[in-house]
Amino acid sequence: MTGTAQATLARVAREGRGRAVAILSRRLGDIDRAEDALQDALAAAAERWPRDGVPANPEAWILATARNRAIDRIRRERTRTASERARARVTPDVEEALDDIDDHAPIPDERLGLIFACCHPALSPEARVPLTLRLVAGMEQPEVARALLLPEATVAQRLVRAKRKIRDAGIPIAEPSAERLPERLDAVLTVVYLIYTEGHTATGGDALRRDDVAGEALRLGGVLHALMPDEAEVAGLLALMTLHHARRAARTDDAGGLVLLADQDRSLWDRDAIAAGGDLVARALRMARPAGPYALQAAIAAVHAEAPSAAETDWAQIVLLYDALLRRRPSPVVALNRAVAVAEVAGPRAGLDAVEEIARGGALARYAPLHAARADLLRRLGDDAAARAAYAAAAALTTNPAERAFLAARA
Amino acid sequence: MRYLLLIYGDETLWTDPTPEQMAAEMAAHQAFSDATTAEGILRGGEALQPTTTATTVRVRDGELMLTDGPFAETREQLGGFYLVECDTLDEAVAAARRIPEAAVGSVEVRPVMEFD
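Protein sequences, first through last, are from chains S and F. With my numbering as the guide, the letters of the first sequence map in order to residues 1 to 411. With my numbering as the guide, the letters of the second sequence map in order to residues 412 to 527.
Hints in this document: simulated from the structure, not taken from any laboratory. Heads up, none of these hints are tricks.
Part of the chain S face toward chain F, derived, beta carbon under 10 Å:
(1) P121
(2) A122
(3) D168
(4) I171
(5) R180
The list that follows gives simulated cross-link-like pairs (lysine to aspartate or glutamate, EDC-like), each with its CA atoms no further than 20 Å apart:
(6) S:K165 / F:E519
(7) S:K165 / F:E502
(8) S:K165 / F:D498
(9) S:K165 / S:E126
(10) S:K165 / F:D501
(11) S:K165 / F:E525
(12) S:K165 / S:D32
(13) S:K165 / S:D36
(14) S:K165 / S:E175
(15) S:K165 / F:E496
In this text, a Cβ means the ideal position worked out from N, Cα and C, and glycines have one as well.
My request is simple: use the sequences and hints to build the entire structure.
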């Protein structure tokens with residue numbers, strides 16, 4: 001295959017995949033059929049493009065070819081036995097539904113409906129992330145397995161089951177109606193943020209962070225924001241991920257070890273991304289009052305990112321933002337983060353008191369950051385023995401090797 | 412698509428209902444069935460006698476075995492069902508959430524397998 005044809009095909013297969021699967025599966029009512037048709041079209045392109053040249057609109061060519069292959073398959077299936085037809089659920093309107101795809105018109109972006117299907121609460125939570133990565137982000141199945149540090153067979157099984165449920169239970173491949181949007185959007189944002197956090201602090205493997213996985217979540221967030229520009233929490237989540245991602249280069253040292261926020265070389269931070277993230281936060285905060293949890297977390301990240309040095313961080317502002325976040329979404333983890341900020345404003349004793357109160361609640365007994373925060377505050381108060389014990393407890397509880405090495409070194 | 416909405420609840424709460432409780436329950440279900448009939452999605456539905464009236468049938472090696480009661484010991488029992496016709500799961504869930512028992516017990520939404 002010639003270089004251009006190959007490169008174009010690889011790009012379309014990856015970037016155009018989500019759009020094509022969305023369009024085809026909504027019309028076919030079946031994601032498997034949509035994927036099969038798309039696979040057929042990609043194979044046809046691999047054969048013809050090097051010979052006949054790359055078409056003017058490669059994505060539209062793929063989509064039109066996929067449509068034709070889908071119709072061919074459906075016609076073949078019609079000739080089968082009645083019971084096979086019943087299982088395949090071929091309806092005459094499928095052909096009609098496919099008729100509006102033509103190879104010259106601009107391709108509509110219907111990915112939003114596909115995202116809502118992939119993140120539907122009627123699917124098991126562990127299926128939603130691989131499904132979104134595969135269908136919307138267009139990652140190959142082995143890539144999904146690597147990204148999630150799961151065996152390929154596990155990923156394959158989850159994808160098969162989830163796609164079958166979407167088809168047989170009638171999970172719509174469409175955006176929810178306005179009145180159902182808020183409760184459904186939450187599930188979508190959770191999936192995208194889960195993908196991001198897996199990239200930000202990997203739960204397994206050797207590295208602290210995996211930028212490819214985090215980058216995929218950012219792309220998904222960008223798609224959501226482009227498709228729903230008026231949803232404040234979508235903007236908030238994109239801002240949050242953008243601001244965290246902007247600091248990624250400073251989060252690890254040359255050996256891959258963890259560097260705390262206070263010790264990071266701020267010249268390594270991506271200033272353009274921080275400015276973009278800051279604009280998004282401002283927009284998110286203007287869009288909804290009271291501000292939602294993602295917008296508030298993004299605002300906290302913005303205060304950190306915009307401080308010229310760790311010493312110049314506006315901790316008082318951060319405590320206020322955590323107060324607002326606690327009102328919006330009370331959780332012991334948020335309370336812990338607030339306690340750390342309180343220590344910066346009111347001193348380590350006040351911070352430690354707040355941490356001990358959360359520890360007494362018991363919900364975070366096995367949460368490494370609680371022990372790490374306790375350890376740090378004890379060290380600052382000069383109680384070295386207690387601090388070392390707390391560092392050891394934190395090291396024993398974290399699953400990330402870079403984090404464990406960092407904590408164990410202080411124990 | 413047709414969906415069966417299976418209503419589960421703790422039937423011991425209903426062993427000795429007061430007339431007021433009974434009337435309120437009947438009115439709530441009447442309201443549900445009136446609304447879903449008006450929307451054109453209701454295809455049927457029944458309330459069931461309690462599980463103490465149930466008999467379970469099994470045939471093993473050609474031999475009939477009858478046992479008293481339902482198969483499983485669970486806190487929630489099947490108490491009734493509605494059959495609705497909806498385009499998507501979201502619409503079936505929207506119907507199910509309006510069933511009074513959804514607020515105290517649970518409602519399982521199962522698509523009906525359709526044959527040509």
